[in-house]
Amino acid sequence: MSILSCYVCCKERFAKAYRHPELDAKLTKSRCRSEAKILEKCTTKSKIRVPKVIRISPPDLYLEYLTGPSVKEYLQEEHVMMVVAVATTTITKSNILDLAQQIGQLVGRLHNIGIVHGDLTTSNMMVLEVNDDSNTLIDFGLSKSTFSVEEQAVDLYVLERALLSTHPELPENFFDHILEKYSKKRKNLSQTTLQRLEQVRMRGRKRECFG
Amino acid sequence: MKSTAFDDPCSADAIKNLPIPVVALNNNYKPNRYGDTIVLGLEGSANKVGVGIVKYTPAKYRANYHILSNPRKTYIAPTGQGFLPKQTATHHQNHIVALVRAALLEAFPNEDHPETLISAICFTKGPGMGAPLQSCAVCARTLSLLWKIPLVGVNHCVGHIEMGRLATGTSNPVVLYVSGGNTQVIAYSNQRYRIFGETIDIAIGNCLDRFARVIDLSNDPSPGYNIEQEAKKGTKYIPLPYVVKGMDVSFSGILTQVEQLAKTERKEDLCFSLQETLFAMLVETTERAMAHTGQTQVLIVGGVGCNKRLQEMMLQMVEERGGGVSSMDHRYCIDNGAMIAQAGIFALQFGEKTSLEDSWCTQRYRTDMVQAIWRAP
Chain A
1 MSILSCYVCC
11 KERFAKAYRH
21 PELDAKLTKS
31 RCRSEAKILE
41 KCTTKSKIRV
51 PKVIRISPPD
61 LYLEYLTGPS
71 VKEYLQEEHV
81 MMVVAVATTT
91 ITKSNILDLA
101 QQIGQLVGRL
111 HNIGIVHGDL
121 TTSNMMVLEV
131 NDDSNTLIDF
141 GLSKSTFSVE
151 EQAVDLYVLE
161 RALLSTHPEL
171 PENFFDHILE
181 KYSKKRKNLS
191 QTTLQRLEQV
201 RMRGRKRECF
211 G
Chain B
1 MKSTAFDDPC
11 SADAIKNLPI
21 PVVALNNNYK
31 PNRYGDTIVL
41 GLEGSANKVG
51 VGIVKYTPAK
61 YRANYHILSN
71 PRKTYIAPTG
81 QGFLPKQTAT
91 HHQNHIVALV
101 RAALLEAFPN
111 EDHPETLISA
121 ICFTKGPGMG
131 APLQSCAVCA
141 RTLSLLWKIP
151 LVGVNHCVGH
161 IEMGRLATGT
171 SNPVVLYVSG
181 GNTQVIAYSN
191 QRYRIFGETI
201 DIAIGNCLDR
211 FARVIDLSND
221 PSPGYNIEQE
231 AKKGTKYIPL
241 PYVVKGMDVS
251 FSGILTQVEQ
261 LAKTERKEDL
271 CFSLQETLFA
281 MLVETTERAM
291 AHTGQTQVLI
301 VGGVGCNKRL
311 QEMMLQMVEE
321 RGGGVSSMDH
331 RYCIDNGAMI
341 AQAGIFALQF
351 GEKTSLEDSW
361 CTQRYRTDMV
371 QAIWRAP
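Taken in sequence, the protein lines are chains A and B.
According to UniProt numbering, the stretch in the first sequence is residues 1 to 211, in order.
According to UniProt numbering, the stretch in the second sequence is residues 1 to 377, in order.
There's no promise every hint is true.
Here's a subset of chain A near chain B, in silico, CB distances under 7 Å, partners left out [claimed, not checked]:
1) Ala15
2) Pro168
3) Asp176
4) His177
Simulated restraints on C-beta separations [what the hints assert, rightly or not]:
5) A:Lys26 to B:Ala262: 51 to 61 Å
6) A:Leu128 to B:Ala59: 54 to 64 Å
7) A:Glu22 to B:Lys16: 16 to 26 Å
8) B:Lys16 to A:Thr43: 27 to 37 Å
9) A:Lys26 to B:Gln316: 17 to 27 Å
10) A:Ser30 to B:Gly351: 23 to 33 Å
These aren't lab readings, by the way, just hints derived from the structure by calculation.
Note that the coordinates shown come from a computational prediction; the quantities given were computed from them, not determined experimentally.
Even glycine gets a Cβ: it sits at the ideal position worked out from N, Cα and C.
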């Protein structure tokens, strides 16, 4: 390996005491390897900015250290700003919708190269301080290499719900902006995924019987 | 007579609800002649029918909620069969009047007219099985008209959560709701109990119950309990699918797999492996909800919450994160009338009631549809 030109962090996967050791070992090993593989794929096959993989030694993974707030932290700060400066809300509001578009683009690119993230929450997205592509995804532990329409739809559904449950203060069209940019990125493929998303949403709704 | 309510009153301050509005201002209900507010709750959404009476005492520094009585009857289906709506409804209809009488007698042993002390009737509006829900709703409407007091429709899941918060004194936990019909990871934000993750097909209790039928376990006292006992004898871990899709989980594929394996493997080992796999999935999603919301307390509610192994796994996870877990308490784990009364009294005190025209039931009623007006936004 050449001389490192970045800070490095180690993603340690601790053994989960609550899990049966065999199950735990199996999950930990496969998630570590798959995360590394998918990060490599992101870098080689697309322009998505993800942390570089430095070294793989299951259960640990050494990754490039990126600085910046998570989108969750970022949005919560923005929210405070919006409350404080009511007069200038139009400006911050458009910033927030810009962010939505960037997220849509990012997820679209990811799905285009056949990756589903598996855990698209705002804690797993970062707004980078360096002004290159400005935001990034992390934590690919549950990701999969697949072009499956179902998995892509579930990916979007998780994101939609994560936004609803952690950021109820966001403008209502935030997710629509994500989908809009996502569709542009995915071109003609977006239609089937969005149709499936509709079905996935219905599934959750139907699934409410007795307790 | 056997007591059905043996818990001390719970402090109303510990759970940090909004201050209760002055009664005269909302004109919604009348406290009784002693200044207390007492409500009666009716639950019958699944195979249990229960009546609970809860009292609110507005002492200035020791305001509290107290369960005065909480009797219940369970319909146990024959081995190899689940509980069916028709039989379950008949069971509830046969028992509910006697249960109301028993509840009143236990709560007010020396009163000739206990109904004059009650301010409202709370009932389960949903979710649940249609016919059993309706049986209880008919009883609720009758009592409301007879005693001329308001009705309050309650979401069953919110009943579990509110009783859980109160009984454990935890103001804002992440809730894992696991029962025969529901599997949800819930986190509160802005006056709603938001569903973080849930099952996309069958509920965990349904999965366990159906496997119990495949291997001929009895429904008495409950199929889940009998699986837990079998699992204790299991030694071999048999790999099963581990299906976590985003925040959601899926159990139907695991059930199919384990049903196939039942032809060749020992049932003890299968029960053991099934529990290990299902519970690991639930604990993992709960952990992620905690990480995302930054909360440290977990509350397990619903019938499957009685499972010792699930409690043990959850505790291990939560302790590693430096938090605490509240699991298994008869007041909020197993369906009962007092939990409906508890969620109902909150709604009532903050100005809500249900008119007779709106006192219908619904099989589908999501947790996040209720606005928790008693909690700080």
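Violations among the numbered hints, reported as their numbers in ascending order: Violated hints: 1, 3, 4, 5, 7, 8, 10; rest satisfied.
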